[in-house]
Amino acid sequence: MLRMTGIGKSFLGIRVLRGIDLSATAGEVHAVVGENGAGKSTLMKILAGVHQPDEGTVEIGGQIRSFAHPVEAQRAGVAIIYQEFNLLPERSVADNVFLGREPTRRGLVDRAAMDEATSRLLDELDEHSFGPRHLVKDLSVAQQQVVEIVKALSVDARIVVMDEPTAALAEHEVDLLYRLIRRLQGRGIAVLYISHRLREVFDLADRVTVLKDGAHVATVAATDVTTAGLVKMMVGRELDAYFPPRAEESAIGEVLLTVRNGGNGKLDGIDLDLRAGEIVGVAGLQGSGRSSLVKAVFGAEPFTRGEMTPTRPGSVRAGVAAGIGLVTEDRKAEGLALNQSVRDNALLVARAIGHRSRAAVSDLLERVKLAPPRQETEVKYLSGGNQQKVVLAKWLTVSPRVLLFDEPTRGVDVGAKAAIHDLMRELADSGTAILMISSELPELIGMSDRIIVLRDGRVAGHLPAGSAEESVMALAAADGVAA
Amino acid sequence: MIALVANPTRAVYAALIATLAIGWALVAFDGGTFTLNDLVGIQQRSAALGIVAVGQTLAILAGSLDLSVAYLISLVSLVAAETMAGQSSNILTAVVVALGVSALVGLVNGVVITKLKVHAFIATLGVALVIRGVLDHLYDGPAGRVPVDFQQLGYARIGPIPVAAILWAAVAAGVWFLLRRTRFGHRVYAVGGDVEVARLSGVRTDRVVIAAHVLCSLCAGVAGLLLASRLGAGAPTVGTDGGYDLESIAAVVLGGTALAGGRGGVAGTVGGVLLLAVLDSVFNQLEVNSFFKDVVRGVVIVVAVAVYARRTGRRAS
Ligand SMILES: Nc1ncnc2c1ncn2[C@@H]1O[C@H](COP(=O)(O)OP(=O)(O)OP(=O)(O)O)[C@@H](O)[C@H]1O
Ligand SMILES: [Mg+2]
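Protein sequences appear in the order of chains G and L.
Residue 172 in this note's numbering sits at position 172 of the first sequence; the count goes up by one each step and never skips.
Residue 1212 in this note's numbering sits at position 212 of the second sequence; the count goes up by one each step and never skips.
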């Protein structure tokens, strides 16, 4: 079905792919794994006609193809869900799904047909929370992901590429995606699946291809390899699967931040204490107010009711000045100045508040393990995971007293993930108070000294370190409705 | 009220009706009357700006903009009037040539923007300067002559309605239809909304931008023909005197179309043009000082855009 041979690609004289071979047969799920910046997305973009390879060939259905424009790849039956969202917020779901391929009747766009086909696909996915005429900007991140999937499905594709499709999904939505992929498989479609979550790789894939630094390391059957083996191929060394040790009771210090009865449009009756040296996890379903909580504490969408000490930030600037930092969930829109260099981004906060003691940028980049640590590269050219590391570096420059993390390791590779976990613990040990949201329960439970569970904008309960996944989920989903 | 403001198109029509009512009251208080004739006069005067603004809407929705329309209007008026040379038999040829020139200018704008990757502001400003150079070199006053038959376009009425207004309505309806019902229209919104998203979805974005510019220039060309028919001749300053470049952009934005592209539409633009025209006539009736007039227009535009920004800002958060 698909055979890519000897693919090579350079950007501005820097080689990011060399001699990559990748094949997929009908009905196969083929996972592609590797560290941040290994070249996974670039390889997929070559298949999708976004980039043109410098060398090598792409063969689909036994025919050598070269795509000058994404539309040509689309016509050859390649559909792709990109790592970063590719939707038009101001347009409707149906408009987005059929963008570039609007069905026509007597030369005019056939809206009825678009709506109908979109509804049918949404039904197929068991998605009833929105319809074809909703505007994309009114949808949640997870719903937008569903739209991306519908868009890929609506092309009559023979090859479907998914570049980290689960990064923005909640646990139960991941199950949905699994079923979907099985269905695609059943129809004889080849699925190329990129993810940093190795559990998914083993759940889904028939074969796995490992890339490292733009080179092909191995292609193996999923049954012939263990998680540890895969990690070793990706990272080049063994990696222990454990989280850094939790804080000792005695190491937890004074209260750095309190909220009493905090509320705003999305939150109500929030009580919160953050102490020096501890990592507090925030659990909850999509829409439970997790992101609203960190934004309120930070001052981006401030509390309008209740008390907060030491300050009540009414603005982002006030929050930063009070020593609060936020690593946002949406790095592209809220975390980075995409057209500026890594260096400028790392210094963004320090410059904004006129912070004097700027740590050397190169040290920071080393701390967050950015590789390759090219300071002059514009951030928009970085791989998704590397962008996340730059966001982290940005806050490290000003050593905030309270650091809020919204999905700190979304899209980050296994090696870097461990590094970020270590870094978070290191920060806590040196007296920072950390509040962390994570949809990945193992991470949330593994990292947190205690867990706050939110439901419908209120605190539904508190759980101690090392609670079971089930108890977190039960608390998060009201009256025990499984999520 | 909130529901009204939530949608810029509705907001601009609400403002239009309010202005008409207040204007009517003020004029009545002043001892004058605001008659049907005045309304028709508004139509008459706003037709040229309206047609240009409809074209400008296309360019802006596609994430671009066109600063060359004013000089193009002048050029077209001259080309048409000179080709007609007072002969009715030349009308058809003149119209074809004039629109051909317009399309060519639009093509140049579009190609410079997409293929040479020059920002629309600079690209169309450059083209505007080139046209100005040509005009300054070749003309120093009105030239050519438009036959009486063609002057009908500017002055005739069908019943109470001026032909010019019908022409404007037709252009607006055509573009509205194009935007709402054709693939091209959908893609204009997509390209203006996010070029990269459009490209990755398989839209040939360059073609869309070029086509939007060709259509924008064609609209300017039609306006140029209309003005030539009014003047009875071509004039090298007719476009710039009317301030059609910035005025058309102002009308589009007043109508709720986002200057960054991807959001808005023709209905809003028509409202924006009418609002500006009504303000003008009210001020004329009241014989208000023209500086004050400009101040009010400026304030209206800025306030309108600030209101829209507030609404959309709040919805996004
Ligand atoms: N348009 C571009 N211009 C310059 N460099 C680029 C461009 N696109 C990608 N790169 C570089 O190519 C390398 C591979 O990036 P790619 O996005 O393919 O990585 P990835 O394997 O998908 O990583 P991640 O897991 O973080 O998504 C990176 O070093 C990146 O900076
Ligand atoms: Mg990637």
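Hints were generated in silico from the structure; no laboratory data involved.
Watch out, some of these pointers could steer you wrong.
Claimed, not checked - Straight-line distance between alpha carbons at most 25 Å, and here's what the computed DSS-like set of lysine-lysine pairs gives:
1) G:K332 / L:K1117
2) G:K380 / L:K1293
3) G:K137 / G:K266
4) G:K380 / G:K332
Going through the hints against the structure:
Under the criterion of a C-alpha separation no larger than 25 Å, the hint pairing G:K332 with L:K1117 is consistent with the structure, at around 24 Å. Straight-line distance between C-alpha atoms of G:K380 and L:K1293 comes to about 46 Å, which puts the hinted pair past the 25 Å bound. For the hint pairing G:K137 with G:K266, the CA-to-CA distance comes to about 18 Å; that is within 25 Å, so the pair holds. Restraint check: the Cα-Cα separation between G:K380 and G:K332 comes to about 9 Å, which is no more than 25 Å; the hinted pair holds.
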